[in-house]
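Visitor: The primary structure of each chain is shown beneath.
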Amino acid sequence: MKLGAMINDIFESIFKHPVTEHYPFERKETPSQFRGQLQWNRENCTGCGLCAKDCPANAIEVIVLDRKAKQFVFHYNVDHCLFCAQCVHSCRQGCLSMQPQLWELAALSRDGYQLYYGNENDIQTYLASQTAAEPAATPRPAVQPVALD
Amino acid sequence: MELGPVARVWHQGVPEMNPIVALLIFPGGLFVLTLGLAYEWVDRKLLARAQNRVGPRWFQPLADVFKLLAKEEVIPNDVNPLLFVGLPIAALAGALTAALYVPIFGLAPAYSFEGDLIVTVYLLSLLTLCMGLAGANTLNRFALVGATRTLTQLFSYEAPFMLALLAPAFVAQTWQISAINSYASTHWLIVTQPIGFLVALIGLMGKLELPPFDAPEAETEIVAGAMTEYSGRGLALFRLGKGVEMVVGLTLVAAFYLGGIGGPLDFLLKTGALLIAIVIIQALMTRLRIEQTVGLWWRWGALLVLVQLLLYILWEVVTA
Amino acid sequence: MKQEPQKVITKKGERFIIPIGPQHPALKEPGHFEFAVDGETVTDATVRLGYVHRGIEKGVESRNWVQNLYMLERICGICSHTHAMTYCLGVEKLAAVEVPERAQVIRLIMAELERIHSHMLWLGVAAHEAGFDTLFMYTWRDRETVMDLLELLSGNRVNYSANLLGGVKFDISPEQADKIRQGLAFLAERNTHYLDVVMNDMLLLGRIRGVGVMTREQAEKLGAIGPTARASGVARDVRLDAPYGAYRTFKPKLILETAGDLEARFIVRLREIADSCRLINEALDNLPSGDLTVRMPRRIKEGETISRVEAPRGEAFYFIKSNGSDIPERIKVRTPTICNMGSVLALAKGHQLADMPMILVGIDPCFSCNDRMITLRRSDGEAETWSWGQLREYGIKAYQR
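Chain order of the listed sequences is A, B and C. Under the numbering used here, the first sequence has 119 at position 119, and the numbering climbs by one with no breaks. To convert a position in the second sequence, counted from 1, into the numbering used here, add 149. To convert a position in the third sequence, counted from 1, into the numbering used here, add 469.
There's no promise every hint is true.
[As the list claims (entries may be wrong)] Only some residues are given here: those of chain C computed to face chain A with a beta carbon under 10 Å:
no.	residue
1	His-501
2	Leu-538
3	Leu-604
4	Ser-623
5	Lys-638
6	Glu-658
7	Thr-661
8	His-662
9	Asn-669
10	Val-682
11	Arg-685
12	Val-763
The hints are simulated quantities; they were obtained by calculation from the structure and are not laboratory data. Note that CB positions come from ideal geometry on N, CA and C, so glycine has one too.
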């Protein structure tokens, strides 16, 4: 039984710097295992689509333009991604990796979150076909307001 | 009015002040409010550092007050609106009036008469009473429980705290604060009446509802206690009142037990030391349940002060 | 809009009810408790859950086995590894796959690190509920150590995603092992200090000794599990009763207290931290070599199984049924909090209102884990389909009452 069992901690702390990290001003280095933004390496990809199949957040879409010519577009939704690295382990060719440095991904709009990896021409072809095929976006039906009396 | 030697020198240097200025700006009114905010900041900052945190920046208490003043004050249904608006004003007015009777910043009190000690102690209780009433005025369940606890706590610490402040009055043979102050400047009563000092200091913590006596506003149980329904100006006034009460209370305890307050430096050093002591006690303690608080005060606080008083009376009888 | 003046108590004999939750500073998670009080004494307690039901059990029925790993990992933010591990153990049992030993030990290390992190978090929360904010700040400061270790190993602080079906994702290098040992040494030292504080600080003891006493009989009757049960002297620990994975080789100590009060729960959890430190060190010293994963089939053989894991809060229980496709047919999850919730209601009666948050936190509740669905039936007979407009109208009416 004692009164004030934490007195030593208190006196130690008063003469010490607070442990609070000054985050935006000082950044801690991330460990090498850290799972940041996904990176796709086109060299070995076979377009099997296992990464897309296993993705729990449906953040990946592998678009095969021509399998023989290895024309793939890798569509990655950064804002859907859970950073679980399942795709990295699902890929048998080792095409995918998470970049430990790219982790400050917050933004005010979702515009920058659609990433297309692949050959520049392939991406252009794919995007052009998309805009041609897609009809004008229909606005979602608005919720019917209920009158408050 | 009798002044201590140091106070006398200080007073010769200060020209006569316009009473209105003295009342509203310095040393009363605005100055006490500022002092209250500054002490609140020291309290919060030191507590944060004791917990290895960074703590607020120096203008945070002021910013809080500004923010609250700018906010809409929501008056809930089914309260007496007059009381709801009036109680915070009465509370702050009580605390500010109490400040006029104590040697704030080492200056002589603005008003002084035989028996002003009693008036001051009651004015200090006015804030707690107003908070209790404010809680009871609303229908909020948390506020009701908080109000009950606030008033229960008031009745528990009030008697020991009063006795602890009366003990120096007995020794000094006067019930006038300035006279006790000048008597204390030659006698360090903390040496002869250590129990009274402890009870007064801890009683002050009970009055200010600081941990471990924060059961009336225990956020994990009853949200904000009696203050739950207050949002804008009312809350700001109550908070300001608390700050003023802290300054007044610290001044009283320092003046009575720590060798009197003879000047500004004296004031800052002594009340500062007491504030640090309060912060350390705050950091070390777990919140007491309300019945533990009551038990502590009546079983230990009141009894110990009475024993000390008895010893003093016996001493007087024997030496006489 | 003039409303009828509402009264807290309208007639004599009516109960004064203090609501705690779903939004309340004592509970950072939404659960609703109603404590009927007489002065400061609690006379009755009821609970209402279901504010954060997310339909995970239904959700897993439309995702494949691999995707479900991450779905189920998100049942709980604190014991995420436990849930993933329980699921993996079950699926591996169904598929009759033997996970490499090294992977099993790494799973154990992660699970024990998670237990340390969970118990330290709990210690801070409990201290905060008791109004001892200093202890709260210090425990959470020191918890950063174990969070950093988890990040060092897995790359993430909360949802570690350490498991794969058939193994684990990462290895532990000798340098990492050294860092873990250093961190654990620090934690063990701090843990001894906190144990000393909890067992000796007079005011804290005044709040926890003899409060919320659950006798052994009560604990068994109420079906309490985990540290809550062990604090009442019930020897119940899945790691020992039905060892799984690497716990077959590395045995934890059974930590029992008999008092059954809040102090005993503090002590049990703190001693478990110490034991977890020992267990991790032992596992690191005897890390078997070998592969990290084995190949898993994408379709799991038809069948059903159960798997049980000792989560930091008690036993996590999974029932998994497969119909032979790459999507599970049914997964039933029972998390530990739901078992312990009964004890809160039983213990509340007769205690002070000030003890309520403490008793509630004493079981280390996790609300998003235990939430269950409630079906609302429409008054016009149509059973379960509600349009958005109807729901909105229902909500407005419910609040106007």
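Visitor: Run every hint past the structure and note whether it holds.
Guide: A quick look at each hint next to the structure:
no., hint, in the structure
1, His-501, "25 Å, violated"
2, Leu-538, "7 Å, holds"
3, Leu-604, "7 Å, holds"
4, Ser-623, "6 Å, holds"
5, Lys-638, "6 Å, holds"
6, Glu-658, "13 Å, violated"
7, Thr-661, "12 Å, violated"
8, His-662, "8 Å, holds"
9, Asn-669, "5 Å, holds"
10, Val-682, "20 Å, violated"
11, Arg-685, "27 Å, violated"
12, Val-763, "13 Å, violated"
Hint violations for this structure: numbers 1, 6, 7, 10, 11 and 12, all remaining hints satisfied.
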